[in-house]
Amino acid sequence: MIETQEFFNFKRCYNAFKFDLIMNSKKFIYGSIAIVLAMFFMDFYALSTVSHVFAFGDYAALSSIMFMIGLVVVLGTSFPMLRNKRSSVAFLMLPASVFEKFMVQFFLRIVVFTLLYIPVCWGVFKGAVLFYHLFEWPRELTIFSFGLFDLFHIKNIGWLVFLGMCCGLFSFAMFLFSGAIYFKKQAVFKSVITLIVLIVFVSLCSMLLSYLFVPSLVHIYDYGVYIRDINTYFTNFGLYLLVIAFGTSLFLPPYAYYCLKEKEV
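In the numbering used here, the protein residues as written are 112 to 376.
Hints are supplied without guarantee of correctness; some may be wrong.
DSS-like mimics (lysine-lysine), calculated; alpha carbons at most 30 Å apart, straight line [claimed, not checked]:
#1 K122 <-> K374
#2 K129 <-> K374
#3 K122 <-> K196
#4 K122 <-> K237
#5 K372 <-> K122
#6 K137 <-> K237
#7 K122 <-> K301
#8 K295 <-> K138
#9 K295 <-> K137
#10 K196 <-> K296
#11 K137 <-> K372
Derived from the structure by calculation, the hints contain no laboratory data.
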(Lines of atoms letter the chains of each structure in order from A and count residues from 1; the text may use other names and numbers.)
(Lines give C-alpha, C1' and ligand atoms only; values in the text may rest on other atoms or scores of the structure.)
Protein backbone atom coordinates (compact mmCIF):
# COMPACT_ATOMS: atom_id res chain seq x y z
CA MET A 1 0.00 0.00 0.00
CA ILE A 2 2.85 2.37 0.86
CA GLU A 3 4.55 1.64 -2.48
CA THR A 4 1.26 2.34 -4.28
CA GLN A 5 0.94 5.68 -2.47
CA GLU A 6 4.46 6.59 -3.53
CA PHE A 7 3.60 5.76 -7.14
CA PHE A 8 0.20 7.49 -7.29
CA ASN A 9 -1.77 9.58 -4.84
CA PHE A 10 -4.90 11.35 -6.05
CA LYS A 11 -4.51 14.42 -3.83
CA ARG A 12 -0.87 14.82 -4.79
CA CYS A 13 -1.74 14.40 -8.47
CA TYR A 14 -4.53 16.98 -8.14
CA ASN A 15 -2.12 19.46 -6.56
CA ALA A 16 0.33 18.90 -9.43
CA PHE A 17 -2.54 19.49 -11.85
CA LYS A 18 -3.46 22.79 -10.17
CA PHE A 19 0.18 23.85 -10.11
CA ASP A 20 0.50 23.24 -13.85
CA LEU A 21 -2.65 25.24 -14.58
CA ILE A 22 -1.46 28.16 -12.46
CA MET A 23 2.08 28.18 -13.86
CA ASN A 24 0.98 27.90 -17.49
CA SER A 25 -2.39 29.69 -17.35
CA LYS A 26 -1.32 32.53 -19.67
CA LYS A 27 0.19 30.09 -22.16
CA PHE A 28 -3.03 28.04 -22.17
CA ILE A 29 -5.20 31.13 -22.66
CA TYR A 30 -3.08 32.73 -25.39
CA GLY A 31 -2.49 29.37 -27.04
CA SER A 32 -6.21 28.56 -27.07
CA ILE A 33 -7.03 31.94 -28.60
CA ALA A 34 -4.34 31.46 -31.26
CA ILE A 35 -5.63 27.97 -32.13
CA VAL A 36 -9.26 29.14 -32.37
CA LEU A 37 -8.27 32.08 -34.60
CA ALA A 38 -6.17 29.81 -36.81
CA MET A 39 -9.10 27.39 -37.14
CA PHE A 40 -11.45 30.26 -37.99
CA PHE A 41 -9.21 31.59 -40.77
CA MET A 42 -8.64 28.09 -42.16
CA ASP A 43 -12.42 27.49 -42.21
CA PHE A 44 -13.08 30.84 -43.86
CA TYR A 45 -10.33 30.27 -46.43
CA ALA A 46 -11.75 26.83 -47.27
CA LEU A 47 -15.25 28.28 -47.69
CA SER A 48 -14.03 31.14 -49.88
CA THR A 49 -11.96 28.93 -52.20
CA VAL A 50 -14.18 25.84 -52.67
CA SER A 51 -15.99 25.72 -56.01
CA HIS A 52 -19.78 25.39 -55.53
CA VAL A 53 -20.52 22.89 -52.77
CA PHE A 54 -19.02 22.50 -49.30
CA ALA A 55 -20.02 18.94 -48.42
CA PHE A 56 -19.43 16.78 -45.35
CA GLY A 57 -16.31 15.28 -46.92
CA ASP A 58 -14.76 18.75 -47.14
CA TYR A 59 -15.63 19.44 -43.50
CA ALA A 60 -14.24 16.08 -42.34
CA ALA A 61 -10.99 16.55 -44.27
CA LEU A 62 -10.53 20.11 -43.00
CA SER A 63 -11.31 19.09 -39.41
CA SER A 64 -8.83 16.20 -39.60
CA ILE A 65 -6.05 18.44 -40.94
CA MET A 66 -6.65 21.04 -38.24
CA PHE A 67 -6.73 18.33 -35.57
CA MET A 68 -3.36 16.96 -36.70
CA ILE A 69 -1.85 20.45 -36.74
CA GLY A 70 -3.33 21.09 -33.30
CA LEU A 71 -1.78 17.88 -31.98
CA VAL A 72 1.63 18.93 -33.28
CA VAL A 73 1.40 22.28 -31.50
CA VAL A 74 -0.24 21.14 -28.26
CA LEU A 75 1.71 17.91 -27.72
CA GLY A 76 4.97 19.26 -29.06
CA THR A 77 4.90 21.90 -26.32
CA SER A 78 4.19 19.45 -23.49
CA PHE A 79 6.31 19.66 -20.33
CA PRO A 80 7.14 23.36 -20.88
CA MET A 81 9.21 23.48 -17.67
CA LEU A 82 11.75 21.08 -19.21
CA ARG A 83 12.82 23.66 -21.79
CA ASN A 84 15.57 25.21 -19.65
CA LYS A 85 17.80 24.04 -16.82
CA ARG A 86 16.40 26.21 -14.02
CA SER A 87 12.73 25.39 -14.58
CA SER A 88 13.65 21.73 -15.20
CA VAL A 89 15.14 21.50 -11.71
CA ALA A 90 12.01 23.11 -10.24
CA PHE A 91 9.78 20.70 -12.16
CA LEU A 92 11.73 17.62 -11.13
CA MET A 93 11.70 18.75 -7.49
CA LEU A 94 7.91 19.04 -7.37
CA PRO A 95 6.31 16.91 -4.60
CA ALA A 96 4.78 14.46 -7.07
CA SER A 97 5.84 11.14 -8.51
CA VAL A 98 7.07 10.76 -12.09
CA PHE A 99 3.86 8.94 -12.96
CA GLU A 100 1.73 11.79 -11.58
CA LYS A 101 3.68 14.41 -13.54
CA PHE A 102 3.33 12.24 -16.64
CA MET A 103 -0.42 11.79 -16.16
CA VAL A 104 -1.04 15.51 -15.58
CA GLN A 105 0.49 16.37 -18.95
CA PHE A 106 -1.17 13.38 -20.64
CA PHE A 107 -4.57 14.43 -19.32
CA LEU A 108 -4.18 18.11 -20.22
CA ARG A 109 -2.53 17.70 -23.60
CA ILE A 110 -4.21 14.60 -25.00
CA VAL A 111 -7.48 13.91 -23.16
CA VAL A 112 -8.68 17.49 -22.61
CA PHE A 113 -7.57 18.69 -26.05
CA THR A 114 -9.28 15.77 -27.81
CA LEU A 115 -12.54 16.20 -25.86
CA LEU A 116 -12.65 19.95 -26.47
CA TYR A 117 -11.63 19.82 -30.12
CA ILE A 118 -14.88 18.41 -31.57
CA PRO A 119 -17.28 21.02 -30.08
CA VAL A 120 -14.79 23.87 -30.61
CA CYS A 121 -14.16 22.81 -34.22
CA TRP A 122 -17.89 22.63 -34.93
CA GLY A 123 -18.59 25.98 -33.23
CA VAL A 124 -15.75 27.76 -35.01
CA PHE A 125 -16.94 26.38 -38.35
CA LYS A 126 -20.47 27.66 -37.70
CA GLY A 127 -18.99 31.05 -36.85
CA ALA A 128 -16.94 31.04 -40.06
CA VAL A 129 -20.09 30.22 -42.06
CA LEU A 130 -21.95 33.16 -40.50
CA PHE A 131 -18.99 35.44 -41.21
CA TYR A 132 -18.82 34.14 -44.79
CA HIS A 133 -22.45 35.10 -45.40
CA LEU A 134 -21.73 38.71 -44.41
CA PHE A 135 -19.98 39.22 -47.76
CA GLU A 136 -21.25 39.09 -51.31
CA TRP A 137 -19.50 36.50 -53.45
CA PRO A 138 -19.44 36.16 -57.26
CA ARG A 139 -20.51 32.49 -57.11
CA GLU A 140 -23.21 30.76 -55.14
CA LEU A 141 -21.98 28.26 -52.55
CA THR A 142 -24.08 25.48 -51.07
CA ILE A 143 -22.95 24.64 -47.53
CA PHE A 144 -24.28 21.42 -46.08
CA SER A 145 -25.43 21.42 -42.46
CA PHE A 146 -23.31 19.26 -40.13
CA GLY A 147 -24.23 18.09 -36.65
CA LEU A 148 -21.90 18.28 -33.68
CA PHE A 149 -21.10 14.56 -33.70
CA ASP A 150 -21.32 13.85 -37.43
CA LEU A 151 -17.56 13.29 -37.53
CA PHE A 152 -18.12 10.06 -35.58
CA HIS A 153 -20.51 8.67 -38.21
CA ILE A 154 -17.88 6.66 -40.06
CA LYS A 155 -19.40 4.47 -42.76
CA ASN A 156 -18.14 1.97 -45.30
CA ILE A 157 -14.97 0.99 -43.44
CA GLY A 158 -14.22 -2.23 -41.61
CA TRP A 159 -13.52 -2.47 -37.89
CA LEU A 160 -9.90 -3.36 -38.63
CA VAL A 161 -9.44 -0.14 -40.60
CA PHE A 162 -11.08 1.85 -37.80
CA LEU A 163 -8.78 0.17 -35.25
CA GLY A 164 -5.78 1.03 -37.41
CA MET A 165 -6.88 4.67 -37.62
CA CYS A 166 -7.26 4.90 -33.84
CA CYS A 167 -3.91 3.21 -33.18
CA GLY A 168 -2.18 5.36 -35.78
CA LEU A 169 -3.61 8.56 -34.32
CA PHE A 170 -2.67 7.54 -30.78
CA SER A 171 0.84 6.61 -31.93
CA PHE A 172 1.20 9.98 -33.64
CA ALA A 173 0.10 11.74 -30.45
CA MET A 174 2.43 9.71 -28.23
CA PHE A 175 5.35 10.27 -30.60
CA LEU A 176 4.95 14.03 -30.24
CA PHE A 177 4.45 13.62 -26.49
CA SER A 178 7.67 11.60 -26.25
CA GLY A 179 9.52 14.15 -28.36
CA ALA A 180 8.52 16.92 -25.97
CA ILE A 181 10.23 14.97 -23.16
CA TYR A 182 13.25 13.76 -25.11
CA PHE A 183 14.18 17.00 -26.89
CA LYS A 184 15.08 19.90 -24.64
CA LYS A 185 15.16 22.64 -27.29
CA GLN A 186 12.89 23.09 -30.34
CA ALA A 187 10.94 19.96 -29.45
CA VAL A 188 8.17 20.56 -32.02
CA PHE A 189 10.57 21.02 -34.95
CA LYS A 190 12.82 18.11 -33.99
CA SER A 191 9.87 15.77 -33.38
CA VAL A 192 8.34 16.54 -36.78
CA ILE A 193 11.69 16.10 -38.58
CA THR A 194 12.30 12.80 -36.76
CA LEU A 195 8.83 11.58 -37.71
CA ILE A 196 9.41 12.45 -41.37
CA VAL A 197 12.74 10.59 -41.33
CA LEU A 198 11.06 7.52 -39.81
CA ILE A 199 8.25 7.59 -42.39
CA VAL A 200 10.80 7.79 -45.22
CA PHE A 201 12.78 4.93 -43.65
CA VAL A 202 9.69 2.70 -43.34
CA SER A 203 8.71 3.52 -46.93
CA LEU A 204 12.17 2.60 -48.19
CA CYS A 205 12.06 -0.67 -46.24
CA SER A 206 8.67 -1.49 -47.80
CA MET A 207 10.03 -0.75 -51.25
CA LEU A 208 13.10 -2.89 -50.60
CA LEU A 209 10.96 -5.84 -49.50
CA SER A 210 8.84 -5.46 -52.63
CA TYR A 211 11.96 -5.51 -54.82
CA LEU A 212 13.32 -8.58 -52.99
CA PHE A 213 10.19 -10.76 -52.91
CA VAL A 214 8.21 -9.66 -55.99
CA PRO A 215 10.80 -8.14 -58.37
CA SER A 216 8.77 -9.07 -61.42
CA LEU A 217 5.81 -6.96 -60.23
CA VAL A 218 7.68 -3.85 -59.08
CA HIS A 219 10.18 -2.13 -61.37
CA ILE A 220 13.18 -0.60 -59.60
CA TYR A 221 12.63 2.78 -61.26
CA ASP A 222 8.97 2.97 -60.23
CA TYR A 223 9.80 3.60 -56.58
CA GLY A 224 6.67 1.68 -55.76
CA VAL A 225 5.38 -0.91 -53.31
CA TYR A 226 3.62 -4.10 -54.33
CA ILE A 227 0.04 -3.78 -53.06
CA ARG A 228 -2.69 -6.39 -53.20
CA ASP A 229 -6.15 -6.57 -51.63
CA ILE A 230 -6.65 -8.73 -48.55
CA ASN A 231 -10.38 -8.00 -48.25
CA THR A 232 -12.86 -5.30 -49.26
CA TYR A 233 -11.32 -2.69 -46.97
CA PHE A 234 -7.72 -3.79 -46.48
CA THR A 235 -4.53 -4.24 -48.50
CA ASN A 236 -1.25 -5.84 -47.53
CA PHE A 237 0.31 -2.37 -47.20
CA GLY A 238 -2.57 -1.33 -44.94
CA LEU A 239 -1.85 -4.39 -42.80
CA TYR A 240 1.79 -3.33 -42.49
CA LEU A 241 0.67 0.11 -41.35
CA LEU A 242 -1.75 -1.46 -38.84
CA VAL A 243 1.01 -3.60 -37.34
CA ILE A 244 3.30 -0.57 -37.08
CA ALA A 245 0.55 1.61 -35.58
CA PHE A 246 -0.51 -1.05 -33.08
CA GLY A 247 3.07 -1.84 -32.09
CA THR A 248 4.09 1.79 -31.61
CA SER A 249 0.90 2.55 -29.65
CA LEU A 250 2.04 -0.09 -27.14
CA PHE A 251 5.70 0.94 -27.15
CA LEU A 252 5.56 4.75 -27.03
CA PRO A 253 3.61 5.35 -23.75
CA PRO A 254 6.10 3.42 -21.56
CA TYR A 255 8.98 4.88 -23.59
CA ALA A 256 7.75 8.42 -22.88
CA TYR A 257 7.33 7.57 -19.19
CA TYR A 258 10.86 6.20 -18.86
CA CYS A 259 12.29 9.19 -20.75
CA LEU A 260 10.77 11.39 -18.07
CA LYS A 261 11.92 9.06 -15.31
CA GLU A 262 15.50 9.21 -16.62
CA LYS A 263 15.56 12.96 -16.12
CA GLU A 264 15.14 12.49 -12.38
CA VAL A 265 18.08 10.13 -12.11
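Taking the hints in turn, this is what the structure says about them:
1. K122 <-> K374: This hinted pair holds, its Cα atoms lying about 24 Å apart.
2. K129 <-> K374: holds (22 Å)
3. K122 <-> K196: holds (28 Å)
4. K122 <-> K237: violated (40 Å)
5. K372 <-> K122: holds (21 Å)
6. K137 <-> K237: Cα-Cα ~27 Å, so holds.
7. K122 <-> K301: Roughly 35 Å separates the two Cα atoms, so the pair is violated.
8. K295 <-> K138: Given that 30 Å is the threshold and the Cα spacing comes to 18 Å, the pair holds.
9. K295 <-> K137: Holds, at roughly 21 Å.
10. K196 <-> K296: holds (11 Å)
11. K137 <-> K372: Holds: K137 and K372 sit about 27 Å apart, inside 30 Å.
The earlier numbered hints that this structure contradicts are 4, 7.
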